[in-house]
Amino acid sequence: MRLKLGHTACVALLLATTGAFAQSKPVAGEVAEGSLKGKTLTFVSYGGIYQDGQAAALKEFVDKSGVKLLNDGPTEIAKLQAQVESGNVTWDVVDTDDLPPYVYCGKLFQKLDLTKLDVSKIPEGQVGECSVPAMNYGVVLMYNKEKYKDNPPKSWADFFDTAKFPGVRGIDGSGSPTGGLLEQAFKVSGGDPKAMTVADIDKAIDVVRKLGPDTIFWKTGAESQQLAESGEADMLMMWTGRAMTAVKNGAKYAPAWQDWLVVMDQMTIPVGVKDTDASYALINAYLGKHSQEVLAEQTSYTPINSEAQPKVDASVSAFLTNSPERQKQGYKQNFKFWVPNFAVAQEKWSALMAGN
Amino acid sequence: MSALEPTTPSASKRAGWAWRPFALTAPALLLLVAVLGYPLLTIVLRSLSEPQWGAQNYVWFFGTPVNLTVLQRTFVISAWVTAVCVICAYPYAYLMTAVGPRVRLALVLCVLIPFWVSGVVRTLSWVILLQDSGVINSLLRSAGFDGVRLIRTQTGVVIGMAQVLLPFMILPLYSVMRGIDLRLMRAAQSLGARPLRAFFTVYLPLSLPGVYAGAIIVFILALGFYITPALLGGPRSTMLSTLVQTQVLSLLQWGRGGAMGVVLLVTTFVLLALAAPVMRSRHREAGRR
Numbered sequence: 001m002r003l004k005l006g007h008t009a010c011v012a013l014l015l016a017t018t019g020a021f022a023q024s025k026p027v028a029g030e031v032a033e034g035s036l037k038g039k040t041l042t043f044v045s046y047g048g049i050y051q052d053g054q055a056a057a058l059k060e061f062v063d064k065s066g067v068k069l070l071n072d073g074p075t076e077i078a079k080l081q082a083q084v085e086s087g088n089v090t091w092d093v094v095d096t097d098d099l100p101p102y103v104y105c106g107k108l109f110q111k112l113d114l115t116k117l118d119v120s121k122i123p124e125g126q127v128g129e130c131s132v133p134a135m136n137y138g139v140v141l142m143y144n145k146e147k148y149k150d151n152p153p154k155s156w157a158d159f160f161d162t163a164k165f166p167g168v169r170g171i172d173g174s175g176s177p178t179g180g181l182l183e184q185a186f187k188v189s190g191g192d193p194k195a196m197t198v199a200d201i202d203k204a205i206d207v208v209r210k211l212g213p214d215t216i217f218w219k220t221g222a223e224s225q226q227l228a229e230s231g232e233a234d235m236l237m238m239w240t241g242r243a244m245t246a247v248k249n250g251a252k253y254a255p256a257w258q259d260w261l262v263v264m265d266q267m268t269i270p271v272g273v274k275d276t277d278a279s280y281a282l283i284n285a286y287l288g289k290h291s292q293e294v295l296a297e298q299t300s301y302t303p304i305n306s307e308a309q310p311k312v313d314a315s316v317s318a319f320l321t322n323s324p325e326r327q328k329q330g331y332k333q334n335f336k337f338w339v340p341n342f343a344v345a346q347e348k349w350s351a352l353m354a355g356n
Numbered sequence: 001m002s003a004l005e006p007t008t009p010s011a012s013k014r015a016g017w018a019w020r021p022f023a024l025t026a027p028a029l030l031l032l033v034a035v036l037g038y039p040l041l042t043i044v045l046r047s048l049s050e051p052q053w054g055a056q057n058y059v060w061f062f063g064t065p066v067n068l069t070v071l072q073r074t075f076v077i078s079a080w081v082t083a084v085c086v087i088c089a090y091p092y093a094y095l096m097t098a099v100g101p102r103v104r105l106a107l108v109l110c111v112l113i114p115f116w117v118s119g120v121v122r123t124l125s126w127v128i129l130l131q132d133s134g135v136i137n138s139l140l141r142s143a144g145f146d147g148v149r150l151i152r153t154q155t156g157v158v159i160g161m162a163q164v165l166l167p168f169m170i171l172p173l174y175s176v177m178r179g180i181d182l183r184l185m186r187a188a189q190s191l192g193a194r195p196l197r198a199f200f201t202v203y204l205p206l207s208l209p210g211v212y213a214g215a216i217i218v219f220i221l222a223l224g225f226y227i228t229p230a231l232l233g234g235p236r237s238t239m240l241s242t243l244v245q246t247q248v249l250s251l252l253q254w255g256r257g258g259a260m261g262v263v264l265l266v267t268t269f270v271l272l273a274l275a276a277p278v279m280r281s282r283h284r285e286a287g288r289r
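In order, the protein sequence lines correspond to chains X and Z. My numbering puts the last residue of the first sequence at 356; the count rises by one with no breaks. My numbering puts the last residue of the second sequence at 289; the count rises by one with no breaks.
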């Protein structure tokens, strides 16, 4: 009897510990040994050095969990929509732009169960209902040092002032409008971005349009880099990673950091994935300190784990956006405004892109 | 035993023979239905059914000025590209018929080798040539001229597209010109026609079918161009395919994207239907002469 009692207690204890183990809070960057053996996950992102860096950041997760990781891309919301609608979702974790997880939250992207992720080290205000950040970066004003010499542009107001600062401008024309840039343009037209209305989008776009027919709307990050390296544009709106690479390659450009636009990529789980927990495990590992260090070292994008201490050289750290000084200079777009007005803004922006 | 049967086919067997050509084309027909017919039908349906059943997407298309501007521009650019291709390809194709086999081979290779290189690569080479700090502008500047803006203009797009599409003009032209008996020119001249007159009354009409065939292929391919205008053009040379891309990939408006595609398709058909009688009458005229 005593033996039996002891036995039961033992089993109970064992159950209790495993139960506690299963319910214990996840720790960013950790995954149980062999826990995903035999499973396959498809991770989707934007390719290039960025996705290579992400794959490197996930290597430890792959080795430890035993999962087979497939990389696919580039992320296209239309493709994801087609998958969700047909009920055949093959993308398990998707890296997206700033806004889509907010615009399509619950429709294309799952609402996240935050008990399955350790989000404690993510900078404040970046965890969304359907997303956690994948990395931080900036949209920064780069100017040609040789053109402007002693009187360089200092802000977006100077960027939009072609009388005081003549020269060709280059703007992100890769697809969606950048909310932050339109807010800065609206400010130039005399408005208050915090009180922006739908009708004000036109005013902001008019400011961009007034830059004139010479304005270059670059289609890809690579193109923006090429514009800097060949000196085609005198002032360029650039992603920090591309700006860093261009300067490294000898482009005679310098950043004007005042009001650089804070942007990020998002990690999401599509609606209808086959193994939600495996997707959560991947994201949780990705958020870890070590993973984020690897990512930053390989891509020069800013890690989103506040404890990460990437070892980077001066040329890279000059373009990281997480120093206290940069954090003070950054400009955050009015998310609450852009999410519901995404389609309207996109349509007006597309009309500008089409030369109307 | 059966091998000894008479080889004259019976009536019923002859009826069976008539179906053979169709049976042989079955794989092609199936492929056409599967990869062209079905998706096209889906596009038409989605343009009428999303977000609800009705003509809303078409109402939107024709009610939005930017769409009409871009549609018109798409046709104008394609017409320019076709014109440039005809002007460049005609003498080239003629030269191909006039030279010996070895030179002809070299000329054919000059057409085909770029044809085998991906359009993206060729377009990127044009970026290097046309950009403000590119080869053409550096040459102009070193010769003491002002630079010209070529990239991000309609001119740049037309140049790039014409180069990509040139083989589609040269090859049909050449195949028609090859069949023209050059002795006809000599006959015309022996009857007193000057070389130019002989060319315009004899050679040109005979070569027109090749011009039409090439022009139609080039024009239709140009209407759907995406990569070249995207890389070489600016906002003022955006073509319809870019707008379709925005609607479908950025805004998830499959219905609107579909409507744009259908409008482009129907407009193209209408233009071809209008052009067809002209071409046919010219053919007949050429035949009569």
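Quick caveat, the hints were computed from the structure, so don't treat them as lab data. Predicted model, so just to flag it, every value in this text is computed and none were measured. We treat Cβ as the ideally placed atom computed from N, Cα and C, and that holds for glycine. Fair warning: there could be bad hints in the mix.
To be verified - A few chain X residues facing chain Z, derived, Cβ under 7 Å:
#1 Thr-40
#2 Ala-78
#3 Gln-81
#4 Gln-83
#5 Asp-150
#6 Pro-152
#7 Gly-175
#8 Ser-176
#9 Lys-219
#10 Glu-229
#11 Gly-231
#12 Ala-343
#13 Gln-346
#14 Ala-351
#15 Met-353
#16 Gly-355
Item to check | Hints that the structure is at odds with (numbers, increasing) | outcome: 1, 4, 5, 6 and 10
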